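Keeping the supplied structure of chain F fixed, place chain A upon it in accordance with the hints.
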Amino acid sequence: MASSAVLPNATFAVVSALEERRLIFPGLLIQPEPKRHYPDSSLVAHLVGYIGEVTEAERAQRRLAPVRLGGLLGKDGLEREYDDSLRGADGVRFVEVSALGRVVREAGAASTLPPIPGRALSTTIDLDLQRYVARIFPAGQRGAVLALNPNSGEVLALYSAPGYDPNAFVGGVDPDYWRSLNVSPAHPLLDRAIKTFYPPGSTWKLALATMGLKRGIVTLRSHMPIPCRGGLQYGNRFFRCWSAGGHGDLTLADAIAQSCDVYFYQLGLKLGLTSLLEDASGLGFRSRTGIDLPGEITAVFPGGTDYYDRVYGPRRWTSAVTLNLAIGQGENAQTLVNMVRFYQMLASDGRARPPYLVHPSAGSNVSLGLLPEQLAGLRQAMISVVERGTARGAGRFGGSIAIAGKTGTAQNPHGPAHGWFIGFAPAEKPEIVVGAIIEFAREGPYVAPLVTRVIGHYLGVDTTAASNVRIVLPTDTAPHPMRLLPGPPSIEDSTIVPTDTGATPPDTGNATPPPRDR
Amino acid sequence: MRPPLREIDKPLLAVTVALSAYGLATLYSAGQTDVPTFVSTIWHKQLIWLGVGLVALFLMYRTSPRLLEWATPYAYGIGLLVLLITLTAGTGAGTAASERSWISIGGLRLGQPAELAKLAMILMLARWLAERREAPATLRDLVPACLIAGVPTLLVAKQPDLGSAIVFIAVLFTMLYWAGTKPSLLLLLGSPVIGLILAFSTVAWGAWIVVLFALLLWWRPYVWEGLAVMLANVIMGVIAVPFWRRLAPYQQNRLLAFLNPEVDPRATGWHVIQSKIAIGSGGFLGQGFTHGPQKRLAFLPAQHTDFIFPVVGEELGFVGVLVALALFTALVLVLLRISRRATDPYSSLCVFGMSGLLFTHIIENVGMTVNLLPITGIPLPFFSYGGSFLLTCSLAVGISLRVAWESRQSGYAEL
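Read top to bottom, the protein sequences are chains F and A.
The first sequence: position 365 = 390 (this note's numbering), numbered continuously.
The second sequence: position 118 = 123 (this note's numbering), numbered continuously.
Keep in mind that the hints were calculated from the coordinates and are not lab data.
It should be emphasised that the depicted structure is a prediction, and the values quoted were computed from it without experimental measurement.
Each residue gets a CB set at the ideal place from its N, CA and C atoms; glycine is no exception.
Treat each hint with caution, since some may be false.
Unchecked claim - If you anchor each label on the Cβ, the simulated ranges turn out as follows:
1) 137/A to 297/F: 26 to 32 angstroms
2) 149/A to 190/F: 16 to 22 angstroms
3) 343/F to 222/A: 17 to 23 angstroms
4) 57/A to 344/F: 39 to 45 angstroms
5) 57/A to 398/F: 46 to 52 angstroms
6) 271/F to 253/A: 51 to 57 angstroms
7) 415/A to 66/F: 34 to 40 angstroms
8) 250/A to 335/F: 35 to 41 angstroms
9) 343/F to 40/A: 17 to 23 angstroms
10) 327/A to 248/F: 43 to 49 angstroms
11) 188/A to 271/F: 30 to 36 angstroms
12) 57/A to 438/F: 19 to 25 angstroms
13) 19/A to 312/F: 50 to 56 angstroms
If we strip away everything but chain A, and leave its shape as in the complex, we get:
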């Protein structure tokens, strides 16, 4: 059955349209600098991408979840393939000269496959978890899910695009949670990362190992699983220092600048300091639309992509930020509601994964602009300029619209 347009889920559509309009306006403003650059007309391009996104959205709205489920392995396979091609033939554009995140043909940059790969991974995870029909109960059950998420994560991390790699991991955890995995199991799965982070202080790492040992005694997983978790944490503690040495200098600097931006305010601390100044100077009502001095004088770096959020803060102030965050919250909540009422496990997991994806992007991006999280270059949904990610978001919303229609049309949503 073809879903008619008038039966589209109004709340989700309204939030999406509002966010797109707000984002486009902000992007227009981001281009209004005293010395015009290529950014000043970039909103034209974004408008075209919005059009493309709209088409994609309606295509997905017309696609049955069953067809999507069938096509999922192919989408995932293609996603991995393109990521591999990107690694060998990709072109750089980011902070580091070696970065290979873009696919381009004849100098024309087509897009960042990592963004679409995120969607492919969500679909694949949803399919695998839905087919199981039972919550993973042991770490062994989680191995296939970790492989599905792990392969694209490694490929993306190799580009290197650490921000997106973190998103892959975060989405894996949110989807495992929705599939019914016990939080204790998720903590065990994530414990090596905690071990890695804490390894920079021997005392903290030692305390963590003791806590972990107590938790293992408390939860009593299978012996070999407990051993594996313990071993992974110890290995993390051992390799932490060599791992740190192998990080690219810019990655090290970002982490150091996160801990203390004033270490080198003119280079590594620059982004965070300028971003905080911009947001802080916005005050309650802001400097006025298109009038933010930080942005006009080009103090804000990457103001049309990663650091677009400070533009909102500077020009529209606390109120503007509040409206933006309220819209984002509404978007995530609407998606969660759709996921809860979905008629089948695959749809439910898909939508939940997408809400996790958007949530991670929002938290990571907003968090880095206010120095609550280290800087990782990932876009803010519907605000940052970028075709691939806008397309990804549109596809996600389109799929969710279809799932919402399915549950309402069947009458299940009212039960």
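Only chain F is shown next, with the shape it has when bound in the complex:
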């Protein structure tokens, strides 16, 4: 006999009243059930996810591990990813009941199937760090922070803002709350670390530097033919550098520290479009990291020049696309977790260790392919970013720890740019790599100090001195804002692409699809 919940979360008064009137409702089963409780609530919302009553469609999908009608199912986050082991198994008890529904006799121990409790899940999250990140994340901003152990891929913290309260889903979500989550332009259900594309902006420059070094086209001391005079003439177009005054003649190391666009335009030209596209695939910029959370989207990057033939038509595009790709603009959409995975390679011995929360996924064979001294040189350049480059001031606090990192500004055709910072420390032997993106940061006063403070907290350094630091991110952008990925492969022209926010509501079914914010 299947039963369904009529009144979840019944109060003590209701239960007492019903028990008194048992005779009137013979079929009524009053049953205590254990309830989920998330002590850290919205701080870990996107990590743990939420649960809800299983739907018909979901039941149909789960033939191998059936869930009883009215049963609960993980809908997002770890709840969904590890639903099977968290669930345990329902027990079965055969009883004889009287006409009034009272248990008269147990059917005997032999035919009783004891329930199996769900297994405890222990994650790699450093809860103290997670709480710290949530506390210092600028209030009211949208964005995400992800911290990894570069040597193992363990996720130390994963925070996406705005969050939601997973406790509200326990025992059925309030329809009004569900609707407010879905119609909110901030998309609180969206895990911005794994489910949102952003143009990587200047954080991409390390990828280009890696390609150049690996192919032996440049060394860290190489100069480019044309010094930066505030931009580069290519054909009849002038591609600007973010610094209108120009950077002069730079080496690769200096160009990383100053995030000079003109240097990387030329490096992109030297590399050539074909090699650039090839190497980007090789470095994993067209794939998922395989983090054990549901709904991670695949980063988008052209697989070959035929992509441009398809989008613009053969011979209707020029090699000027190389210049945009070279500085992380153009047809390039990455998730935070994918960019942090790339920096994880820079922070370790160059081999990829896919991020994970509970179980490491199958080993990855992606690696940077750099010599140890080249890797060391790149790290040195990234230390300069924090010490005297585009993020100077951000790492200026008590300790003697060298922080390496790279700023980025992702151009956004719909409003102010998004600010990036990805860094790791201690630079000599990194123990943590932290990436952060804040949407519409425009002047980006938060991103780099945010990351360095997270690093400082993890490594136990006093970070109070950094709290007042305000740095200005470079507005390093290509001269002509372009729509992100026009045409196929079907990417909306919105920078934020919600893929899983419209998940079927647990029991209301009246949610409207989330509107796109423009």
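Only chain A this time, still in chain F's reference frame:
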């Protein structure tokens, strides 16, 4: 850094030398008439001018584009000043008695400032467009560029030298195009000229206004810009007839003769008819070097300057014309390549403007000799006798050589 001679851009130098040699030979032949005139020895003078041009070329090759950029406003200012002086103190030499195109001192004719002013305008436009660093997006953005080109155009048109005025306008459009102006914007900018030409047929003009209105609705420029464009076209339609009446009779006749040379074959149609006869009689291989009868018997007018191209056609035939046009095409293509690879916007725009200048001259001159375009007295680069224009071409090639060296020396050309 001084560019050494051995690093000079070989293709550009080769094309230039070939064109100069071909042009000098043709000019020598143009002087070989049955009744010798002053033209028979004019190639001596041209040789001297070639020497002057060579010096100018190497001077420009040694001049940094940065120095040139700095000196540009002065060059432009001097250019305008000389054009003004020409208007008041110039002497006539051309078709119309009133023409004031020459600067002369004590009866010695020094040159035509309009030719050098073309170069000054290119440099000034390049400087202005390069400093903007952004493609002009609205008609308002184009106003300064139009002023830079418009002032010398008016001064030259006042001489009157309509041919050169057209060159100024054409160069303005090519440079705006290279600076990234949208073609639709250029069409709007040029629409009053189309309106003026079509105004001679009321039906055609009416149709044009309808088309223009549709285009404005389609492209949606700023309202006041759309109004200005529409107004300009309507005004053109209104003033077309009074404008036609105010043209000098010889200018009217040229236009009429262009439409139908047989109207008056012995006077206004003369040039075009004789030119076509000369080119047509050349056949495949031509009448032989220096043996063209049209030229020998002095039927060809201005055979050493504006109508030198028919001499090539008559004496060297289809093959000779093909070689000449191939050399010109090569010259323009080489310049375009240099412009594309230039390391900075100023150099790139300069070289592109110069290729536009040469291209316009070639098209206008060759076009008029075969009656595809109305007759406007402008010289054919490296062929027509004329010191000022040869000097202008040499300067242009010299600047381009330097730009080519800059991009190759820095290694940018190989990227």
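Original post:
For which of the previously enumerated hints does the structure constitute a violation, in increasing order of number?
Top reply: Structure breaks hints 2, 3, 5, 7, 8, 9, 12.
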